[in-house]
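Going line by line, the protein sequences match chains C and X.
Under the numbering used here, read the first sequence as residues 1 to 322, first letter to last.
Under the numbering used here, read the second sequence as residues 1001 to 1253, first letter to last.
Some clues are possibly wrong.
[To be verified] Derived DEER-like restraints, expressed as beta-carbon distance ranges:
1. C:A166 <-> X:Q1196: 32 to 42 Å
2. C:T174 <-> X:T1016: 20 to 30 Å
3. X:L1040 <-> C:E159: 22 to 32 Å
4. C:S126 <-> X:V1229: 38 to 48 Å
These aren't lab readings, by the way, just hints derived from the structure by calculation.
Values in this document were obtained by computation on a predicted structure and should not be read as measured data.
Glycine included, every Cβ here is placed at the ideal spot set by N, Cα and C.
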Amino acid sequence: MSPSTVTAPSGTRTGAAAPPPRRRRREAGPGGSRRAALLFLLPLLVYLVAFYVYPLLRNVDLSLRDYTIRAFITGTADFVGLDNYREILADRTFGQAVVNTAVFTGVSIVAQFALGLALAVFFRHSFPLSGVLRALFLVPWLLPLIVSASAWSWLLNSENGVVNAALAAVGLPTVNWLTSPGWALVSVTLANIWLGIPFNLVILYSGLQNISADLYEAASLDGATGRQQFWRITLPLLAPVSAITLLLGLVYTLKVVDIIWIMTTGGPGSSSTTLAIWSYREAFGTGQPDFSPAAAVGNLLILVALAGGLLYLWLQRRQARS
Amino acid sequence: MLFPVYWILNVSLTQTQDLRRTPPSLLPLAPTFEGYEAVLDQQLQALGVSLLVGLGTVVLTVVVAAPAGWALAKMRPRGAGALSFALLVAQMIPAVVMAMGFYSIYVRLGLLNEVWGLVVADSTIAVPFAVLLFTAFMSGIPDELLDAARVDGASTWRIFVAVVLPLSRNSVITVSLFAFLWAWSDFVFASTLNRQGDLVPITLSLFAYIGNNTTQWNAVMATAVVASVPAAVLLVLAQRYVAAGVTAGAVKD
């Protein structure tokens, strides 16, 4: 086998901490023997079985039975097979939740990405205090979600909110942001976009750092405009990082509960109810918990997560190969 | 971008009678600390609970994840690929789903409304991320160093404690930072597993506060400011680790 056919190192171009090329050895790695490896992995394996696999199995079990609060205490609940799944698919909320989830996640991740990229490009050129400013832009992302969500509720409050005050000041009609069915989803999406920008900024900024400055220099010598440089150099070279950023955005946005629940509790009606919110509301949001359909909705979300995981893996493999 | 953050501060300092003014005043011209007094009166215990849960989550996460990260990085055990994939998927499982499973288990074991129950649940947010981050970081430790320690007669455990962990200090900081922040700001587990009883973390306490105090937004926002203090402090202290953590967890494998 010629050296060139040996698989390429899988490290991404992230610089400083890239792993060294691996030595091919038959026996265990430099860290220790196989048995030692197992011992070091043991806590994690026990943890995963006890705190991931078991709760998830319980959840699958929940979705196949007719559980109520009483059933939890007595420990007996009837096995109903796929009835819960049939029930949720036939529910009027299902269609709306799917559409809301699609709109909420789709609009959120595209807008977060576009704004995050714009800021990342902006910060590429360092200027006085750019580091401080960049750190300040991270603040929204580190605040507890409940804080940001309640701040947005107050900003968008229809009577005393500053957004409506601003609209009124420039002569525009005010909006019942959180309480009208047409605007509730818009409001929570706005808040979620705001929350997601820092994450996109950080990842895309570090992606930009790995594009060689020589390329831009050469391009500008050839007379390329800033716009051409963006479309011909930045965007194509950033594609692998972009793909993963968007995918992570998708996966994180699908499971959002806090923001929507705090701002609108999925209402009015179910006008801002997503699948995750629906599941949360059925299980914990009303006085009458109904765990079984909630678990069924949750399991649908897991299937989406699994698909996301496979897609991520596939993207990374492709990225490593190129 | 920063306006909502400024607005939280502004409202937290506004006097109660000025809260309903239209248009709202853009500057806290007559600042009041009555909101903050209310926080100190009513929210100290919740802040303590959150601190306890956050620290517990950090310890549990690091103890479980660091050895595993090292094993995955340097020992090449069988099934490492499958395990990494499982961790990836685990990161994507919605907290709502986990919460239902935990609830149904805790209700039997009597762990509802217990700080430890919440620590365990919150750690599930951080552990998969932590293992992947430790793996990425520890595979960068030079093999020569480990081989040298082995030649000197150090046991695997000793190498881990005396060589690997000190070298991985930065990744331990990063993981601890994220684990703490996630636990501190968790709402879904808090609202499902610790909703009753006295030991309520600050997120839940703030949520209840909003429900009961729609007129006292200055107190609500003051609580929000106080609840954000750990994030602000950590941001200042550990800025570079934040960025490093996100990129390592997300972009590297």
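Consistency of the hints with the structure:
no., hint, result
1, C:A166 <-> X:Q1196: 32 to 42 Å, "holds (41 Å)"
2, C:T174 <-> X:T1016: 20 to 30 Å, "holds (23 Å)"
3, X:L1040 <-> C:E159: 22 to 32 Å, "holds (29 Å)"
4, C:S126 <-> X:V1229: 38 to 48 Å, "violated (30 Å)"
Checked against the numbered hints given earlier, this structure breaks only hint 4.
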